[in-house]
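Protein sequence lines correspond, in order, to chains A and B.
In this text, residue positions in the first sequence follow this note's numbering: the first is 1, and each later residue adds one.
In this text, residue positions in the second sequence follow this note's numbering: the first is 1, and each later residue adds one.
For the record, the hints were derived by calculation from the structure and aren't laboratory data.
Note that the structure is a prediction, hence the values are computed from the model and not measured.
All residues carry an ideal CB built from backbone N, CA and C; glycine is no exception.
Take these hints with a grain of salt, some might be off.
Stated by the list, open to error - Straight-line C-alpha distance at most 25 Å; calculated SDA-like pairs for lysine to any residue: (1) B:60 - B:121; (2) A:172 - B:52; (3) B:59 - A:164; (4) A:125 - B:95; (5) A:82 - A:43; (6) B:56 - A:34; (7) A:125 - B:14; (8) B:153 - A:38; (9) A:116 - A:33; (10) B:59 - B:22; (11) B:121 - B:80; (12) B:70 - B:132; (13) B:56 - A:149; (14) B:153 - A:45; (15) A:52 - B:59; (16) A:125 - B:151; (17) A:125 - B:121; (18) B:60 - B:80; (19) A:116 - A:56; (20) B:152 - A:141; (21) A:125 - B:81.
Claimed, not checked - Under 8 Å between C-beta atoms, here's a sample of chain B residues computed to sit facing chain A: (22) 81; (23) 128; (24) 148.
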Amino acid sequence: MAKKTPEINASSTADIAFLLLAFFLATTTMNVDSGLYRRLPPYQPENTEAPKYAKRNILQVLVNRNNQLAINGELADVSTLKDRTIEFVLNPNNSEDLPQKEVKMIDLLGPVEVSKGIVSLQSDKGTSYEMYIAVQDQLTAAYNELRNRKANEKFGKNFDDLTEEQMEAIRKAVPMSVSEAEPKNIGGKK
Amino acid sequence: MAKFKKDGKRETPAISTASLPDIVFMLLFFFMVSTTMREVALMVANAMPQASETVKLEKKSLVSNIYVGKPNPQYQGAYGTEPRIQLNDRFATLEELSAFVASERESRKEEDRNSITNNLKVDRNVTMGIVTDIKQELRKANSLRVNYGSTKKPH
Numbered sequence: 001m002a003k004k005t006p007e008i009n010a011s012s013t014a015d016i017a018f019l020l021l022a023f024f025l026a027t028t029t030m031n032v033d034s035g036l037y038r039r040l041p042p043y044q045p046e047n048t049e050a051p052k053y054a055k056r057n058i059l060q061v062l063v064n065r066n067n068q069l070a071i072n073g074e075l076a077d078v079s080t081l082k083d084r085t086i087e088f089v090l091n092p093n094n095s096e097d098l099p100q101k102e103v104k105m106i107d108l109l110g111p112v113e114v115s116k117g118i119v120s121l122q123s124d125k126g127t128s129y130e131m132y133i134a135v136q137d138q139l140t141a142a143y144n145e146l147r148n149r150k151a152n153e154k155f156g157k158n159f160d161d162l163t164e165e166q167m168e169a170i171r172k173a174v175p176m177s178v179s180e181a182e183p184k185n186i187g188g189k190k
Numbered sequence: 001m002a003k004f005k006k007d008g009k010r011e012t013p014a015i016s017t018a019s020l021p022d023i024v025f026m027l028l029f030f031f032m033v034s035t036t037m038r039e040v041a042l043m044v045a046n047a048m049p050q051a052s053e054t055v056k057l058e059k060k061s062l063v064s065n066i067y068v069g070k071p072n073p074q075y076q077g078a079y080g081t082e083p084r085i086q087l088n089d090r091f092a093t094l095e096e097l098s099a100f101v102a103s104e105r106e107s108r109k110e111e112d113r114n115s116i117t118n119n120l121k122v123d124r125n126v127t128m129g130i131v132t133d134i135k136q137e138l139r140k141a142n143s144l145r146v147n148y149g150s151t152k153k154p155h
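Only chain B is shown next, with the shape it has when bound in the complex:
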């Protein structure tokens, strides 16, 4: 093996790349920690119906979510089994909806206030009564852009 032996005494030592993975991991962790998906904890059943003509909702920042469905088992003692509305992290009544719309509007930039879309995430087992009531409330609050949340039906 002496054949391959170099008499390199003047060779510059290779730069140690041992710390590179640490840097990459640090980046990885930084992104993992900093990208918090602001998603509320669901307190109602929320199996959305399927539809074939769905479109994606653009501009997530302009969407305000309204969840409707049967309360989850742990809340059924306090709230019963009839479909309820969930706004942010709590149950709400119909009357609170206009205040919610106003606060959602307040939290957006002035130029965006009229382009907020209300994303109705309604459980498929809910009857139309509560949905119609919500729509009436939204009309009264003059927040007319509505998205009936549904998942894409596989063909």
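Pulled out of the complex, with its shape left as it was, chain A reads as follows:
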């Protein structure tokens, strides 16, 4: 009779398979979409008149086809936009040129001064999307910081750590009022 080869111990292959399984479970991250969330205004028929606002309540942000940025008519760098927006919304010295504030009653917060300021963003058809996102990013950063400050002042916590109701209250106290003007075609380039 031929000599029998001893059976190989297979009990550890299970461990190897489990190890593989665990490795793939841990490493496969499904790529989650991220971005800047916005709500578009409802569609307005062409001939409706735009509502009028006092000049001091508007921060005019223009981006032209050469990707240059102008804040209230003056050329500026994108990196300054965040601070300009924060200053604009807060109006710390109650200056005559910066937006008015309105005292509103908000649940959980009581009477709060809410800025009437609106950021008016106008881009050209020739503006690059990258520049547009950079501007939107700066504006978002400004409002996020304002909300964070408000949250710290009222609740002593960062905005992200608040409960849903508290977040809603802060959102009302610091509304993100970025208005995008109806598109214009200044540069003539598509």
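With chain A held as given, fit chain B onto it using these hints.
Frame of chain A; chain B shown alone:
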């Protein structure tokens, strides 16, 4: 070595675990095969811009993707090099966008229809003209939730 020798004649034989890896592998393959990530094949260039204040999109089932960018080289013969819109697996024109929004709405449950977010995955080299046109179309179609797709900027 006789010292260690047991006179175990009555010992129950160990249960063979040789089939365990087969079971685990079967599980592994089952999950690998059944989890299909429904992702369309990209036909346009899609290098998204970077931003630092991005938020993650929750609820993937409520997201409908709109890709915009320069067609990939193999489509440039037929579609040119100007930025185009890609919906699902084909190129689309602006006029088709409202039909797309309607069909996306149709395919969701009734209670979810108003919470669809349009994920604009736009290439960073695209100019705003086409993006503004898309936004106008979305406004006309009354689908107002928009996400400007961008990747997180490393600090």
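Each hint, compared with the structure:
no., hint, result
1, B:60 - B:121, "holds, 14 Å"
2, A:172 - B:52, "holds, 23 Å"
3, B:59 - A:164, "holds, 17 Å"
4, A:125 - B:95, "holds, 19 Å"
5, A:82 - A:43, "violated, 28 Å"
6, B:56 - A:34, "holds, 4 Å"
7, A:125 - B:14, "violated, 76 Å"
8, B:153 - A:38, "holds, 19 Å"
9, A:116 - A:33, "violated, 33 Å"
10, B:59 - B:22, "violated, 35 Å"
11, B:121 - B:80, "holds, 20 Å"
12, B:70 - B:132, "holds, 16 Å"
13, B:56 - A:149, "holds, 22 Å"
14, B:153 - A:45, "violated, 38 Å"
15, A:52 - B:59, "violated, 38 Å"
16, A:125 - B:151, "holds, 23 Å"
17, A:125 - B:121, "holds, 18 Å"
18, B:60 - B:80, "violated, 32 Å"
19, A:116 - A:56, "holds, 9 Å"
20, B:152 - A:141, "holds, 13 Å"
21, A:125 - B:81, "holds, 17 Å"
22, 81, "violated, 13 Å"
23, 128, "holds, 4 Å"
24, 148, "holds, 4 Å"
Of the numbered hints stated above, those contradicted by the structure are hints 5, 7, 9, 10, 14, 15, 18, 22, listed in ascending order.
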